[in-house]
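Visitor: So you can see what is in the structure, the chains are spelled out below.
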Amino acid sequence: MLVSWDWLKQYVQLDITPAELAERLMMAGLNHEGTHPVGSDLAINLEVTSNRPDCLGHIGVAREAAVLTETALQIPPAEPKGTGNAVTKLTSVKVENPDQCWRYTARVVSGVKIGPSPAWLVGRLATVGIGSINNVVDITNYVLMECGQPLHAFDLAKLDGRQIVVRQARKGEPFLAINHKSYTLDETVCVIADAKRAIGLGGVMGGADTEINEQTTELLIESAQFDPVSIRGTARQLNLHSDSSYRFERGIDPEGVDWASRRCCELILELAGGDLAEGVIDIGRQPEPREAVSLRFAQLPRVLGIDVDAAEARRILTALGCREVKHDQQRVEVIPPSWRRDVTREIDLVEEVARIHGYDKIPEDVSVPMAPSHRTRGDRVLARVRQALCAAGFDEAMTLSAVEQEWSDAFSPWTDAAPLRASTPVLRRADRLRRSIVPSLLGARHTNESLANPRIELFEVAHVYLPRGANELPREEMMIAITSGGDYAAVKGALEGLLSALNEKAALLVKPAKLPLLHAQRAAELHVRTGDGAAVLLGYLGEVSQDGLEQFDLRFPATVAELKLAPLIDLANLIPQYHQPPVFPAVSRDLNLVVDESVVWGELSATAREAAGPVAESLTFQDVYRDPKRLGAGKKSLLFSLVLRSDSGTLTSDEADTVHQRVVEACQKAHGAELRT
Amino acid sequence: MSLEQFQSELEALRTEAADAFSAAADAAALETARVEFLGAKSGRLKAVQKQLGKVPKEDKPAAGKSFNEAKGQIEAAFAAAEERLSSSGTDQDDAAPFDLTLPGPRLPLGHVHPLTQTIEELKDLMGRLGFTVATGPEIEDEWHNFEALNIPASHPARDPLENFYLSTAGVVAGKEGAPLLLRSQTSTVQIRVMESMPPPVRIISLGRVYRPDTADATHYPMFQQIEGLLVDRHATMADLKSVLRLFASSFLGGDVHIRFRPSFFPFTEPSVEVDMSWHDDQGNLRWIEMGGAGMVDPNVLGAVGYDPEEVTGFAFGLGVERVCARRHNVTDIREFYRNDVRFLHQF
Numbered sequence: 000m001l002v003s004w005d006w007l008k009q010y011v012q013l014d015i016t017p018a019e020l021a022e023r024l025m026m027a028g029l030n031h032e033g034t035h036p037v038g039s040d041l042a043i044n045l046e047v048t049s050n051r052p053d054c055l056g057h058i059g060v061a062r063e064a065a066v067l068t069e070t071a072l073q074i075p076p077a078e079p080k081g082t083g084n085a086v087t088k089l090t091s092v093k094v095e096n097p098d099q100c101w102r103y104t105a106r107v108v109s110g111v112k113i114g115p116s117p118a119w120l121v122g123r124l125a126t127v128g129i130g131s132i133n134n135v136v137d138i139t140n141y142v143l144m145e146c147g148q149p150l151h152a153f154d155l156a157k158l159d160g161r162q163i164v165v166r167q168a169r170k171g172e173p174f175l176a177i178n179h180k181s182y183t184l185d186e187t188v189c190v191i192a193d194a195k196r197a198i199g200l201g202g203v204m205g206g207a208d209t210e211i212n213e214q215t216t217e218l219l220i221e222s223a224q225f226d227p228v229s230i231r232g233t234a235r236q237l238n239l240h241s242d243s244s245y246r247f248e249r250g251i252d253p254e255g256v257d258w259a260s261r262r263c264c265e266l267i268l269e270l271a272g273g274d275l276a277e278g279v280i281d282i283g284r285q286p287e288p289r290e291a292v293s294l295r296f297a298q299l300p301r302v303l304g305i306d307v308d309a310a311e312a313r314r315i316l317t318a319l320g321c322r323e324v325k326h327d328q329q330r331v332e333v334i335p336p337s338w339r340r341d342v343t344r345e346i347d348l349v350e351e352v353a354r355i356h357g358y359d360k361i362p363e364d365v366s367v368p369m370a371p372s373h374r375t376r377g378d379r380v381l382a383r384v385r386q387a388l389c390a391a392g393f394d395e396a397m398t399l400s401a402v403e404q405e406w407s408d409a410f411s412p413w414t415d416a417a418p419l420r421a422s423t424p425v426l427r428r429a430d431r432l433r434r435s436i437v438p439s440l441l442g443a444r445h446t447n448e449s450l451a452n453p454r455i456e457l458f459e460v461a462h463v464y465l466p467r468g469a470n471e472l473p474r475e476e477m478m479i480a481i482t483s484g485g486d487y488a489a490v491k492g493a494l495e496g497l498l499s500a501l502n503e504k505a506a507l508l509v510k511p512a513k514l515p516l517l518h519a520q521r522a523a524e525l526h527v528r529t530g531d532g533a534a535v536l537l538g539y540l541g542e543v544s545q546d547g548l549e550q551f552d553l554r555f556p557a558t559v560a561e562l563k564l565a566p567l568i569d570l571a572n573l574i575p576q577y578h579q580p581p582v583f584p585a586v587s588r589d590l591n592l593v594v595d596e597s598v599v600w601g602e603l604s605a606t607a608r609e610a611a612g613p614v615a616e617s618l619t620f621q622d623v624y625r626d627p628k629r630l631g632a633g634k635k636s637l638l639f640s641l642v643l644r645s646d647s648g649t650l651t652s653d654e655a656d657t658v659h660q661r662v663v664e665a666c667q668k669a670h671g672a673e674l675r676t
Numbered sequence: 000m001s002l003e004q005f006q007s008e009l010e011a012l013r014t015e016a017a018d019a020f021s022a023a024a025d026a027a028a029l030e031t032a033r034v035e036f037l038g039a040k041s042g043r044l045k046a047v048q049k050q051l052g053k054v055p056k057e058d059k060p061a062a063g064k065s066f067n068e069a070k071g072q073i074e075a076a077f078a079a080a081e082e083r084l085s086s087s088g089t090d091q092d093d094a095a096p097f098d099l100t101l102p103g104p105r106l107p108l109g110h111v112h113p114l115t116q117t118i119e120e121l122k123d124l125m126g127r128l129g130f131t132v133a134t135g136p137e138i139e140d141e142w143h144n145f146e147a148l149n150i151p152a153s154h155p156a157r158d159p160l161e162n163f164y165l166s167t168a169g170v171v172a173g174k175e176g177a178p179l180l181l182r183s184q185t186s187t188v189q190i191r192v193m194e195s196m197p198p199p200v201r202i203i204s205l206g207r208v209y210r211p212d213t214a215d216a217t218h219y220p221m222f223q224q225i226e227g228l229l230v231d232r233h234a235t236m237a238d239l240k241s242v243l244r245l246f247a248s249s250f251l252g253g254d255v256h257i258r259f260r261p262s263f264f265p266f267t268e269p270s271v272e273v274d275m276s277w278h279d280d281q282g283n284l285r286w287i288e289m290g291g292a293g294m295v296d297p298n299v300l301g302a303v304g305y306d307p308e309e310v311t312g313f314a315f316g317l318g319v320e321r322v323c324a325r326r327h328n329v330t331d332i333r334e335f336y337r338n339d340v341r342f343l344h345q346f
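Line by line, the protein sequences are chains D and U. At position 43 of the first sequence (counting the first as 1) the number is 42 in numbering that gives the first Met the number 0, and the numbers step up by one without a gap. At position 341 of the second sequence (counting the first as 1) the number is 340 in numbering that gives the first Met the number 0, and the numbers step up by one without a gap.
Please keep in mind that the hints were generated in silico from the structure rather than gathered at the bench. Here the structure is a predicted model, which is why all the values come from computation and not from measurement. Hints are not guaranteed to be accurate.
[Unchecked claim] To list a few chain U residues with every Cβ distance to chain D over 10 Å, as calculated:
| no. | residue |
| --- | --- |
| 1 | S85 |
| 2 | K122 |
| 3 | G129 |
| 4 | P269 |
| 5 | S270 |
| 6 | D280 |
| 7 | D296 |
| 8 | V303 |
[Said to hold, decoys possible] Derived CB-CB ranges, DEER-like:
| no. | chain 1 | residue 1 | chain 2 | residue 2 | range |
| --- | --- | --- | --- | --- | --- |
| 9 | D | H35 | U | D215 | 35 to 43 Å |
| 10 | U | K64 | D | A565 | 53 to 61 Å |
| 11 | U | E15 | D | G532 | 43 to 51 Å |
| 12 | U | P159 | D | R474 | 22 to 30 Å |
| 13 | U | D25 | D | A605 | 31 to 39 Å |
| 14 | U | P159 | D | P17 | 17 to 25 Å |
| 15 | U | D331 | D | H179 | 52 to 60 Å |
| 16 | U | E35 | D | V599 | 35 to 43 Å |
| 17 | D | S597 | U | A75 | 46 to 54 Å |
| 18 | D | A118 | U | G301 | 28 to 36 Å |
[Claimed, not checked] Here's a subset of chain D near chain U, in silico, CB distances under 7 Å, partners left out:
| no. | residue |
| --- | --- |
| 19 | D364 |
| 20 | S372 |
| 21 | R420 |
| 22 | L426 |
| 23 | A632 |
Beta carbons: idealized from backbone N, C-alpha and C, even for Gly.
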């Protein structure tokens, strides 16, 4: 809202500088966005919050200034004399849609002379950024900027049937606005019409057909009140926002409707001459008396934390336009002013007193009682996850929660249910709430590849959105997703490291998985054992297939993984308990077993571990070796080492050999393994 | 003396001697160490050897064997140290010069996202002030995102074009007449927490929120918010100001002051914009915007079943991107979501 410094001073005597005023207003709720000179005047740019439409006019701002400087506010009485015919003989008004048009008033001025505006009026409007058109149009704009009530002047002679009909637009009804753009309307739009056609978009913009021009001599002055929701809908639908719609959307002062009409006519008589028809046509809701609101003075310290003198509180409320009904030691009861629809409750009065009294009076050094707070288990686990992944060389990424259809369809291991869709894309084409983070990370890989970044190791921690029934909130599951330029084994190693950072005993259980996007052999379903020993699904890991790489326009190999956070929170051992390190020396034995290709390490090692029994401290894979000539076709040799240690004494060589033998025999029996020597 | 004691003494001596020999920086120091451990008359090895006699007879062979092994190892350690000292500082013509400036194999450490770093720091600071972290769903119903927050159906904030309403397979998601949407603020979490527990409440809620803004240097349709909430019997605006001052002072360091400017939010009354003081390069006092705050609106307290006559509360909110961008001088917040590793590596 642009405010003219000279204009403000018409209503309030200001003994402070414009800068001081701007500062005071800012500290009372009108944010100062800047001041710039226009001619000899100053335009002060104030930000008006949506609850304060009363400050969308100079009188409203002047009222704030008067309250803050404790000076009187002067408002013109606006009492033009009706001298002509009765207005009802000159025109008629009908409102067919009182839901949209709450009130419509009309006055008629005849015999006006349209011409240029005087310099003072042109200057006022120039300061607030409005160009001069002619004296009558300028006056309607002036009164709008004076009190915030939008007005419209019709050329009465151009109204078919010399009448106003306020109604819903007809479907497909054409309309040419004064901005000389054509619009096609529908039934949701409230129009001002004459006997035949729409001549104005109610509360938004007038029509070109009934515009005032030099030939105009007879005026119908509209001052009305429209439903804010309906105005907002029309302005948005037609993408047509005006000073009028802006004010009607926020709500105008119902008591100001008639004042604005009188003020407008008064200025017209003064600057354009003519005769004002006797009376006014006033149809629709009359302003209802407002209910009284009580302020218990004890609420001021209860909410604000400071005492405010009861007399000061009463002064502020009265100066703001509240009418005191009664008061005693404990409370004051007031009727809030008609222009303050936001003030309806005691807490609203508390705020009014506080903002005028000054928030600077509230101390910033009171002692607030201490309270314990704790980091959640989830937060602790996540901190370790980030630490472990960063140590493994992964950078944390953050990507948009919504993805385009192709990405959404590319990978969804957690659900087959269709993704939730946003009514409008969140960004560009991204309108699907993602069911996996993996496609987003592959997108980030692509970005980095196109920037020629050589090393792209990323992880992200975020929700995925798994739809349930149509009536339910979806399941939002926290996931940790990874993408790497390394192969399956490299990422598996990183995940094993991550797991051991949370619980040294935790182990990954792996099953083959068939998933779109991933390599047919090098993709796995990952499981872990949680606190109660049950194996649960942790997530997926795999190298991206050639097709997958092409789909995401990637030139270099990539591996991805996605893990649920919940099982990790469950298995994390955040407060490990001490156990004594072993006191007796360890003995190690290397094994080299030849097996069929179909035998996998996971199974063979499980057999070996079980056979070795409790003395097996560790069993470490060393290598796999293939040589059809020496081992035979379809055979491989698995090399691993076994570290044995007893907690009751030093193992002898014989004891170690016995264990070794047991392992070899068990592997032979279970997997047909042959010891290679 | 038992065999175990004897062996453990031997082992201790062996370790100590090996350390002393390898630590010797020159011939003189090595000689001193030699006399201490291997001295023929009063060397410590000699002293241990004398203990051999006290070991029970049946263990003597084993003890003797251990002694000889240890002696051999200590002598070998001495010889190695002698070798080391004699080779250094002597003629090295045949060895290539050692380039000290060659890089070591650098650990490829990853970086935590700058927004996460900011969030963690803010959480940490608020934790010290007694605020516990609370989270809630990003997909919400209108009750939690609007109604309970005192945003009635006619409020412009509820316009479908101002929000991301959701559908599933072409059908509006949510119960009939109660559509689902991406939350537009984390205050939804405050409602859920208050609905689930009686006062007092002292939490911070945080997470991703969504508004249909066109992406530019200062806007992104998804961003991260942190909001604090305190509800108790005697919570006042003075408490709010004091908590924010402690918070800002901890975050920026030094003595920071707080300024309130009246503002408007549906869920608080009174509502304020919060500024914090800051001294610029010239030492002038400047105020920078920190976020929005206010006293929890009685309608909100009522909506969650609290009695506004019994308790009061305050709330405040910050945009994480803005705090983080200002802190690290990031001029375009879209960088946070582009994930160029050259950007991520800077933090």
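Visitor: So, for every hint listed, does it hold in this structure?
Guide: Here is how each hint holds up against the structure:
{"no.": "1", "hint": "S85", "in the structure": "holds, 35 Å"}
{"no.": "2", "hint": "K122", "in the structure": "violated, 8 Å"}
{"no.": "3", "hint": "G129", "in the structure": "violated, 3 Å"}
{"no.": "4", "hint": "P269", "in the structure": "violated, 4 Å"}
{"no.": "5", "hint": "S270", "in the structure": "violated, 8 Å"}
{"no.": "6", "hint": "D280", "in the structure": "holds, 23 Å"}
{"no.": "7", "hint": "D296", "in the structure": "violated, 7 Å"}
{"no.": "8", "hint": "V303", "in the structure": "holds, 16 Å"}
{"no.": "9", "hint": "D/H35 <-> U/D215: 35 to 43 Å", "in the structure": "violated, 25 Å"}
{"no.": "10", "hint": "U/K64 <-> D/A565: 53 to 61 Å", "in the structure": "holds, 58 Å"}
{"no.": "11", "hint": "U/E15 <-> D/G532: 43 to 51 Å", "in the structure": "holds, 47 Å"}
{"no.": "12", "hint": "U/P159 <-> D/R474: 22 to 30 Å", "in the structure": "holds, 25 Å"}
{"no.": "13", "hint": "U/D25 <-> D/A605: 31 to 39 Å", "in the structure": "violated, 56 Å"}
{"no.": "14", "hint": "U/P159 <-> D/P17: 17 to 25 Å", "in the structure": "violated, 42 Å"}
{"no.": "15", "hint": "U/D331 <-> D/H179: 52 to 60 Å", "in the structure": "violated, 39 Å"}
{"no.": "16", "hint": "U/E35 <-> D/V599: 35 to 43 Å", "in the structure": "violated, 57 Å"}
{"no.": "17", "hint": "D/S597 <-> U/A75: 46 to 54 Å", "in the structure": "holds, 50 Å"}
{"no.": "18", "hint": "D/A118 <-> U/G301: 28 to 36 Å", "in the structure": "violated, 56 Å"}
{"no.": "19", "hint": "D364", "in the structure": "holds, 6 Å"}
{"no.": "20", "hint": "S372", "in the structure": "holds, 4 Å"}
{"no.": "21", "hint": "R420", "in the structure": "holds, 5 Å"}
{"no.": "22", "hint": "L426", "in the structure": "holds, 5 Å"}
{"no.": "23", "hint": "A632", "in the structure": "violated, 40 Å"}
Checked against the numbered hints given earlier, the structure breaks hints 2, 3, 4, 5, 7, 9, 13, 14, 15, 16, 18, 23 and satisfies all the rest.
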